[in-house]
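> Letter by letter, the chains look like this.
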Amino acid sequence: MCRTLFTILLMVSGSNTSAAEPVPSAVDFERHIVGLLGKSGCSAGSCHGSLQGKGGLRLSLFGSEPQKDFQSLTRGGGGRRVNLAEPDQSLLLLKATGQVTHGGGKRFDTGSWQVRVFRDWIAAGARHVPGSGTVERLDLTPSERVLSQPGETAQLRVWAKFTDGTEMDVTPFCDMRSKDDSVADVAPFGELKAMRPGDTAIIASYRGRIATARVFIPTAAQGMLDPMPPVVNEVDREVFAKLKRLNIMPSNLASDEEFLRRVTIDTTGGLPSPVDVRAFLADRDPNKREKLIDKLLRHPLHAALWATKMCDVTACNVDAMSGTLEERARAVRMWHEWFRQRFSLNVPYDQIARGVLTATSRDGHTLHDWLATEVERSQSKRDTYALTYAKRETLDLFWKRYEGEEYFSLEKMAELTATAFLGVRLECAQCHRHPFDRWTQTDYRAFANVFGRVRFDSSPELTAAVTDLLEKRRALPREKAGPPIPRLRELYLAERPRRLPQPDTNAELKPRALGGPELAGADPRESLAGWLARPDNPYFARVWVNRVWAHYFGVGLIDPVDDLSANNPPSNEPLLRWLETDFISHHYDIRRLEQLIMNSRTYQLSSTPNDSNRADRTNFSRSYPRKLMAEAVLDVLNDALGTQEDFGPDAAPGMRAIEVASNRVAAPYAARIFSVFGRPARTSTCDCERPSSPALPQTLFLMTEPTLLKKLTTGRLAKLLQAKLSDARIVEELFLVTLSRLPEAGERAAALDRVSAAPDREAGLTDVLWALVNTREFILNH
Amino acid sequence: MNTDRRGLLGVGVAGLLGLSLPDALRIEARGAGPRKHKADSVILLWLNGGPATIDMWDLKPDAAEEYRGEFKPIATKAPGVRICEHLPKVAEVMDRCTLVRSLHHPITDHGAAAAHMATGHPPAAALKYPSLGSIAAKLLPEENGIPPYITLDRGAGFPSSPGFLGTTCEPFNADLGGRNASAIADGISLPSGFSSQLLADRNRLREALDTKFRALDEADLPASLDLFQQRAMDILRSDRVRAAFDLTAEKEAVRTRYGQSQLGRCALTGRRLIEAGARFVTVGLNGWDTHAGNFRTLRQQLLPNLDQVLAALVSDLGERGLLERTVVYCAGEFGRTPLINGNAGRDHWSRSMSVLIAGGGVRGGSVYGRTNANGTAPEDDPCSPADISATIMNSLGIEPTREVHTTTGRPITLFREGKVIEL
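Which chain is which? The protein sequence lines are A and B, in order.
The opening position of the first sequence corresponds to residue 1 in the numbering used here, with each subsequent residue numbered one higher.
The opening position of the second sequence corresponds to residue 783 in the numbering used here, with each subsequent residue numbered one higher.
The reader is advised that the hints may include incorrect statements.
[What the hints assert, rightly or not] Here are the computed lysine-lysine pairs in the BS3-like style, where the Cα-Cα straight-line distance is at most 27 Å:
no. : chain 1 : residue 1 : chain 2 : residue 2
1   : B       : K1201     : A       : K106
2   : B       : K910      : A       : K193
3   : B       : K994      : A       : K54
4   : A       : K106      : B       : K910
These are calculated hints, taken from the structure and not from any lab test.
Model the full structure from these sequences, guided by the hints.
In structure tokens, the structure reads:
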């Protein structure tokens, strides 16, 4: 194996001290020049790497097509970019050093090593050996590094193995960054520096390829993990294995009260009743937690909670649908119910996804049968329409989007599908910029072409059939005509697919999975669903498993959860890998996955930190206090105050917020809670729409909202006052309904003091309830 | 509230937010002692979409036709400074404003460019920089009872993120929309029948019941919530915010001067909030992304609106003696192409643009920097968003070299690249 070494030149720049700088003895276009263009951001999507290029110069994204880049640099721009006779007059150098106006500003100093690399290449004839830089493998070494204390440094190196067999240290030509630079920072030439105890990933990218390494900086205390806390299942084994490396001791097991409250909020979005709390505490069964988990996972509200989350993920937006207000309101409820049924029956996840992805309106039925069902559904009474819709195999509503008389564009279909089921953000520019993403326009368009035949319109057959029906109706006397025919459009596969062409050549572009195979067949969406459910699919199971994890811990193993890319490595790869494999081998059984997670000791750890895990935010050594979903805030308040919500036309009477399908509700109090606590608008499928941090208006809302203040006195408290209970009993009850625990002695005394100081009993107890609702313990899950 | 506990809490939270105790004390102390800087607060007027500043502040009447633009420059109260004919009222207060005509940066994407202008740093993957308002909220002494950083109607999309400073430096947003003052005040004042005494009593009990959770204070979320609870109490006790939103307290003549446009009401509210003690208020105007029909849109809609409001704000602040202590900063994410396109529009252009700054000790009546003949690039004194940001923060007494800490404790210099410009 031949290893090319760098000539290390010592260069003195200005008054600064000298530094070793890596100018190779022979500059290779693909290996060095293209690498540098990538490292310096020149070939990034926001610069010359964009489809249109910038300022007349277009480079392939992160140098994916060096042949083209070579052409652009040596032939394009009137041939002035590279000047063989006078290398220093090359426009490439003049622009990059800001001597000639450059839209991207000055990138390098005139005397810098980078400029020397460019110059040396030009001076040696600006040659290109096609294929010289094709990377077979990229490694960041060492792939794991333990630094014993803050301040300690180490050298990381990036090795590229090229297809010609040579292996080369390309460290200076890589972009290096640290996922969490407060733990460890990395300098441009790979020097790693420990900052504080913890762990983080270091990410190196070279010509669009990514290599990662992991750095550990254990906490200082010694021997904390003897003895190891008991493990329940593989989840704990992986979590504790990592904690051991970091010398972090997990917190103690959560108390029964703490566990009961946490698990009830997480599964149903509501609180346990005082009866539930008392019964659970009194239960002597050693398996009571496991049994409770089973019970809650079968709870109807649990299915509603996932349906609500899936409505977020699939962007079920009442304002982006077709039809009248009434039709749209029905559509969101059908959409929600379709998911709810599936979660309640524990339908395997791959089948749920298939039902979304391969949807057609006729759903495998004849046009005639489908038409009859639709006519009947449009007539059906309150709520039954949603139940009958949920019996359909497929969710055609996902595709029936309306954007100002326009078709649901292929690009939009690709983006929605990719974020929802692949955790890949093709376009999420509103919330996150992706300077390193590897998807090219070609990938994007080929993926979009998967949806080429999908149409939402009145198909020729449907138009004919409806005309026939109308004719028949007109022929009949009015009283025999039957129900009116609604205005119908259907989701169907058109004969002629729409196709986005290859961006450069305008050539035809076959449908292709993102980072996967070509997808053939009459409906390539079928092949897409098949590809997703293949055991070796890199995204599908992973993104779901991570979503479920993030739901139960407040932070994903991959965070943010909808950003699965080599640039964003998980905090615990072995754990994620194990969960993913288990999920696939158990046929995408969602409930089993949830049971594994919730029965683990890791999920059941207390939120109270110890000396070793206070700073931990990513390794699950304790339960992290987390915000409630906006829907849960509304339900939890009603549970505590003994009140109910009236959602008016947006939900059936008695429904809870977690069951509400529409992203926009008319009832003012509910609408305000949703807006203040951040129910997503569902205008994109990005999980960033659901904020995870608190905000001042939320605190103010809980303190002063007039409807809420009224609910304090009119609900449960009114009943308790009528029941002729002692103040102490009522205080106890108020603690149980809000914090799901009994008061401690000091708390009981403080509350009773307030009751006796208040003008009357009712006022005093209202004060107690107000205070409880405004504690952090109440409004967070922990 | 009992002062010992409050003091203790303040330090506790400061520690969690990455400030050392001496840091926190220094901040406390800055409120009292003599202050060297000029300004206490900033009103940012954000022109969302990228204003054609070449048609507003830096006209090129002698350029070739394809660059020149349709508008004529007019003389202003500041000798030698000429601006667009459709900004006649601003021309009248130009002696109190300074134009920076040599600002430039490399980003022509709306979101990324806005983030660059808002933070003084190009957006980076590894570190999210805080917006200027978040920095002010973090470092300036806080007036009790009013959020330090407020955006009105979301500042027309201004990226107000606190970045690495964390959620406690998030702005408080109030949606003025078309609503009346009492509706806006929902959630920032006590409803009728809820006295401050009752609030104090209830809050004392809340604190007693919240003790168990103090063990978790080290985590970000409980710590931020704790701070929010204190701020909420301060706001509710003082009632200053509600009063500030009540525009009916203004004389009719003043309201007329600002006009009935959304921007006008926001700007007047902004002035009232600054008077009440807010540190950084962002108001904004949408619609500046004039790829087509640039001149018509500017002449008919945008410029008359901006002209009235900006002039009203500067003169009103001046008459109240507030201009010296308030920076008015009017900017967008980038300028627009000097070369006019086929649709009588101008496209994104960040290599040259102008911003307007008034108050806060700015001399006024002057121009900083100069662009070339066609306005495509700065010729004299080029400056960057980092420089402008450093300058504005400096006028608030926040030095550009000042170190702040991320929520995870990493020290960051505010504006390593930013030089303070003498304006």
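> What are the numbers of the hints that this structure violates, sorted from low to high?
Number 3 only.
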